[in-house]
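**Student:** Spelled out from the first residue to the last, the chains are:
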Amino acid sequence: MRVTHKTGSMVAGVAVAALTLGACSGSSNDSGGDSSGGGAGEQVEVFTWWAAGSEKAGLDALVNVFEEQHPDIEFVNGAVAGGAGSAAKDLLQSRLQANDPPDTFQAHAGMELLDYINAAQLQDVSPLYDEFNLREAFPADLMDLLTHDGQIYSIPSNVHRANVLWANSGVLEENGIDPNATYASLDDWFADLDALQEAGVTPLSVATAWTQVHLLETILLADLGADAYNGLWDGSTDWEGADVSAALEDFEQAMSYTNTDRDGLDWPEATQMVIDGNAAFNVMGDWAVAAFEEQGQELGTDFTANPVPGTDGVFDFLADSFTLPVGAPDEEGARAWLETVSSAEGQTAFNVAKGSIPARVDADPADFSAYQQTAMESYGQDTIVPSLAHGAAVPVAELNAITDATSRFTSGAADLSTFQSELAAAVAAS
Amino acid sequence: MTHTLKRVGPPLLLLAPSLILVGVFVYGLIAVNFGTSTTDIHTAAQTTGQEPSNTVWFDNYLDLLGNDAFQHSLRNLLLYTAVFLCGTLVMGFLWAWLLERPIRGEGIFRSIYLFPMAVSFVASGVVWRWLLNSGQDESATGLNRLFQMTGLDFLQNNWWNNVDYGITAIAIPAIWQLSGYVMALFLAGFRGIPDELREAARMDGATTWQLYRHVLFPQLSPVALSALIIIGHMSLKSFDLIMSISKPANYQTKVPAVDMYVFKSSFDYANAAAIGSILLVLVAVVVVPYLVRTNRRER
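Respectively, the protein sequence lines represent chains A and B. Count the first sequence with UniProt numbering and you get residues 1 to 430, in order. Count the second sequence with UniProt numbering and you get residues 1 to 299, in order.
The reader is advised that the hints may include incorrect statements.
Here are the computed lysine-lysine pairs in the PhoX-like style, where the Cα-Cα straight-line distance is at most 25 angstroms [what the hints assert, rightly or not]:
| # | chain 1 | residue 1 | chain 2 | residue 2 |
| --- | --- | --- | --- | --- |
| 1 | B | Lys264 | B | Lys237 |
| 2 | B | Lys6 | A | Lys89 |
| 3 | A | Lys56 | A | Lys89 |
| 4 | B | Lys264 | A | Lys89 |
The set of hints was computed from the structure by calculation and includes no laboratory data.
Let's have the full structure, built from the sequences with the hints guiding it.
**Tutor:** Pasting the structure below:
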């Protein structure tokens, strides 16, 4: 009996010791990995959600330029796949919370960064704008949208346009609609959508809640115009006003033309409906062009891409950008990465591969595809407004509240006036 | 004194690691969660201490419970749990009853019924998202298309897109996945009833119905209760299946766990924590009476 007792306590002791040791070695390994910066062993961990497809190709192209410009710094890919960036954002939130930031991370430029700014988790990078001569390289509208209380917290790598109307030329022709027609107003467009609906075609394809918010923002933009649309986000346009009511009525009408299985789809499936000829129109950002081109569709003959009716002359922008977190393990590496991201060379390489356009206005259009050239032209001359659905216009919590309200309305649980007051409350809350 | 230490010491030392781990990572974190839920930390800046936060006690709970959208989530959860529970218990019992009598190929049927449980909710959710596509008539796919092909057009419906009862459509895959498990529980229950009892009942002239009603069912009630608890608490925590069939923003399929996720991603930690506590209480309401009962019986 004595022996077993002794053995018992020994086993327990060893178990405790092993556990403690395990815990210690785990933590020392972690800190070893993070603090290895300085000297020749510099490295930069770049946190993105660019893990597949054209986004991955873009990142690879950017890394090539980075390795040319900064051969002494090792690039560490911190890409997290899944959920169109939501998996990466979840992880980023926890890492910043735990004071374990990556050296630099991808985020949509604009108000999506506000939570991190207010939490003092980001550094002001305006000195880098002077160092790299970026103030002239980006359009003035964009600079205004990036500036928060006189400071700038990220450097944009690429720009997408949200207010694009995609159409299947074949489907339109079959139904007696000129595919090259452009619509001056939403009402003109709705007339054609009525005709398509009577002919038994799905006039407009849309997908789950965020794409409905995307459609909503382009309709608000069409009905209110750029100035009043901007006013929605800074409080100078009244959400409860009659103009907004009229725009929401148009949104309701637009939703009446859409496919009923929308809530189960994501944007590629809604765009695919247009490519396959199962729907005539789709409103989606210009990343959709990759889906058309991959399937051998020609711009102008097989499909068309125009500004959403009523938004011609306005560029509804969203941008990916990179930041400098407070407490980045290797700030020098992060600065070097930001220099490459903001350089004309880096932006060209990245955007040719990804399909977006450079945030810089001095890139050479000849390097880019037919659609990208038209987007670059608009970007250079149009009024630039921030996208709602993609984090440029409002902080995350507000966008989530707006998305919830939109889903409540489109699923039939709320009527138009409730929808309007919920939207007003969502924006007023913060 | 030394004697007690010698007697209690070694077992306590042996248990200490797990007691400490459970204490910190389960009960400690529950306490932290509850603490967060009684504050007004609704923004990222308050979490890092850039802006002040205050204790508001139960305000978050009152606001949530008074909110239409959250009531909708709770109602959805209740509906989902009711359908999920009834479905698995009925199907599981039926299958167990069919397999209870020795038949040829029992092993094969048992495996077939049990297999869905081996699939993860996320994987089956993706497939069921296609099956439960809400397109009808010309744009029908999935089950709606199957109904068309078999001449059962009138059965076509918009599945989980119905804003009032849509959540019950998501209970279908859940029932499909867990009925086999309930079957296994009931089958074990049936097998655990000694043959002597049946024989004795027959000798006394009991009919088949009376045999089931007065001999077998009472013996199965502990199994039914276990199944109820296991399925019930799984259902209350449902998240992955709903997320992979629907999307977090879809109002039709909101449940408290989805709300918690959305609040968390909005940096609204106080409300997320409050929903976590509400879920914990809901599960405790189901599980604690069961634990008390089992504990009493074991004594």
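**Student:** For every hint, state whether the structure bears it out.
**Tutor:** Hints versus structure:
1. For a cut-off of 25 angstroms, the pair hint linking Lys264(B) to Lys237(B) stands: about 16 angstroms separates their Cα positions.
2. For a cut-off of 25 angstroms, the pair hint linking Lys6(B) to Lys89(A) is broken: about 52 angstroms separates their Cα positions.
3. Only pairs whose Cα atoms come within 25 angstroms are accepted, and Lys56(A) paired with Lys89(A) is accepted, the gap being roughly 17 angstroms.
4. Taking the CA atoms of Lys264(B) and Lys89(A), the gap is about 11 angstroms. The hint holds against a cut of 25 angstroms.
Checked against the numbered hints above, the structure breaks only hint 2 and satisfies the rest.
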